[in-house]
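S.K.: These protein sequence lines map, in sequence, to chains A and B. Just so you know, my numbering puts 52 at position 52 of the first sequence, and the rest follows in order with no gaps. Offset between the second sequence (1-based) and my numbering: plus 163.
Quick caveat, the hints were computed from the structure, so don't treat them as lab data. Nothing here was measured: the structure is a model prediction, and the numbers come from that model. Heads up, a few of these hints could be off.
Among the chain A residues that face chain B by a calculated CB cut under 7 Å, a handful are [said to hold, decoys possible]: (1) Leu4; (2) Phe22; (3) Gly40; (4) Cys64; (5) Ala65.
In this text, a Cβ means the ideal position worked out from N, Cα and C, and glycines have one as well.
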Amino acid sequence: MSDLRELYQEVILDHNKSPHNFRELPDADHHAEGDNPLCGDVVTVYVGLDGDTIREVTFQGSGCAISQASASMMTDAVRGKTLEEARKLSLEFRNLLTERGEEPVDPATLGKLAVFTGVKEYPMRVKCATLAWHTLAAALDHGDRGGAERAGGAKKVTVTTEE
Amino acid sequence: MTVSAKAKQATAAFDPETVRADFPALHQEVNGRPLVYLDNAATTQKPRAVIDAVERFYTRDCSNIHRGVHTLAERATATYERARATVARFLGAGDDAEVVFTRGTTEAINLVARSFVRPRLSAGDEVVVTWMEHHANIVPWQIVCGEVGATVEPVPIDERGVLDLDAFDAALSERTRMVAVGHISNALGTVNPVREIVERAHGFGDGIPVLVDGAQAAAHRPIDVAALGCDFYAFSGHKVFGPSGIGVLWGDPRHLAEMPPMLGGGDMIRTVSFEGTTYADPPNRFEAGTPNIEGAAGLAAALDYLSALDRRAVAAHEHALLEHASDALGALPGVRLIGTAPEREAIVSFTVEGIHPHDVGTILDGRGVAVRAGHHCAQPVMKRFGVPATARASFALYNTHAEVEALVAAVRHAQEMFGV
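Chain A on its own, in the form it takes in the complex (with noise of 0.2 Å):
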């Protein structure tokens, strides 16, 4: 196992501190709940859209700083970006962390969110790093599902990672 400075860098410890957009968002469109039953994390992640780009992310949870860390890059990362954009970024973090995919994900192509690597070297940990986008994925998911649903404003979806 490598350093433990590799998994609680600076900006993770930072970030699990001070978590940005730590709130709820009272006019999303749509938000999810997600949860690893077996650490006890919780996370709900409010999603704000104006057309097809994310105005606005912001989430709120307890749980280890890595989960804690990991939302609060996410809703940095993801703000502005368009649905499509940000469902590709939600599938290659994950991949980054599990392995998986076609290709392997260079961390460079994720900027900030690079940091997060080092947790594959904790497999027991993983889950903690992609619960939040598990959960983000799962809202806009939700929000392909169609208007009239869109309508009736934030839906709930529960989440279970197993990673």
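Since the structure of chain A is already known, use the hints to place chain B on it.
M.R.: Leaving out everything else, chain B in the frame of chain A:
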């Protein structure tokens, strides 16, 4: 530290260094540091005598039991039945036939739920448990209760993690068919007043039977089922220095005699025909199929190993470790002990302000210190104390005061790392 000095003085009679050499797994480095194994409530390490007993079975005596007249079959049968006798002695049982081998505590409790309680359970009946039970002493009761419209009634605990005996009395009713209680809480370390509980349950109406989940107790204190007066006692081999996959249900022979089998198959029958089958007497009635023979051999070796030690001195040593860890961790700013019952054993559960228990666990592991982080299969306990999870250090006879110091230093390191 005065507490530590006092504790060391009190335990001069038992020196853990005399047993550490017997446990091969303790002598390794983890992440570049000597392993400090403090996850004994999850599973204990195994002494050489246990490993040898399992190996002896496979290298010399490997055969099936209770059938076959050849030499190896006789040896295997003798090994298995001798193991049963060893367990009976360990528990103070009146007869070897009161000892049923199971896969572990979980299966033992399920067997009682299915074969003893379920036949006498009707809609509106109740099974009384405590708020501090392990899921293994909750879910089996929920399953059988759910089948008939009965309910599981949890008895509350106070802010120290002590069972409320008045509430226990109040929970008993003419609809209570069973009381199931842990001897020692795996999440809090609370030692429950089992004898008192048994007296109260037996004294209610015609008497309510009591099962004791002894998974956390067997490694730490001598068990005497006759003195406890309980109806059933369950424990797991792997938590008492034996192999995984072997455990014990001790049952009052009157109850065992009337219980139907849970599993059907070979070795649990008297005669089989397509017109009808008759079952063997206990304990074989409850041991369908080829059992974990090598596990029984290993368990017997573990119990022999433990019984050869001065158990009173060992208990005093473990108690001193607990006191040392509780005082030293409790003195750290931001550390909250979860479970502060006056009667506790071998377990210290704690949270560190600003650091999630899983991060505590990972950082401690980086320093070679193995603790458990999570809800410890006791989610109602976590809810009671308003925490999602705790870090838990749990001790065994081979742990040392130096290891307690290593634990405390690692927690301080985690606090520095997180800047809390």
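S.K.: Is the shortest C-beta separation between Leu4 of chain A and chain B less than 7 Å?
M.R.: Since the shortest Cβ distance to chain B is 4 Å, the answer is holds.
S.K.: Is the hint on Gly40 of chain A kept, meaning its closest Cβ partner in chain B is under 7 Å away?
M.R.: Holds, about 4 Å.
S.K.: Let's test the interface hint: is any C-beta of chain B closer than 7 Å to that of Ala65 of chain A?
M.R.: This hint holds: Ala65 of chain A lies near chain B, its Cβ roughly 5 Å from the closest one there, short of 7 Å.
S.K.: Can we keep the Cys64 of chain A interface hint, with Cβ of chain B closer than 7 Å?
M.R.: At 4 Å from the nearest chain B Cβ, Cys64 of chain A passes the 7 Å test, so the hint holds.
S.K.: Against chain B, is Phe22 of chain A within 7 Å by beta-carbon distance?
M.R.: For Phe22 of chain A, the interface hint is violated, since the closest Cβ of chain B sits about 15 Å away, which is over 7 Å.
When the structure is compared with the earlier hints, a violation turns up for hint 2 alone.
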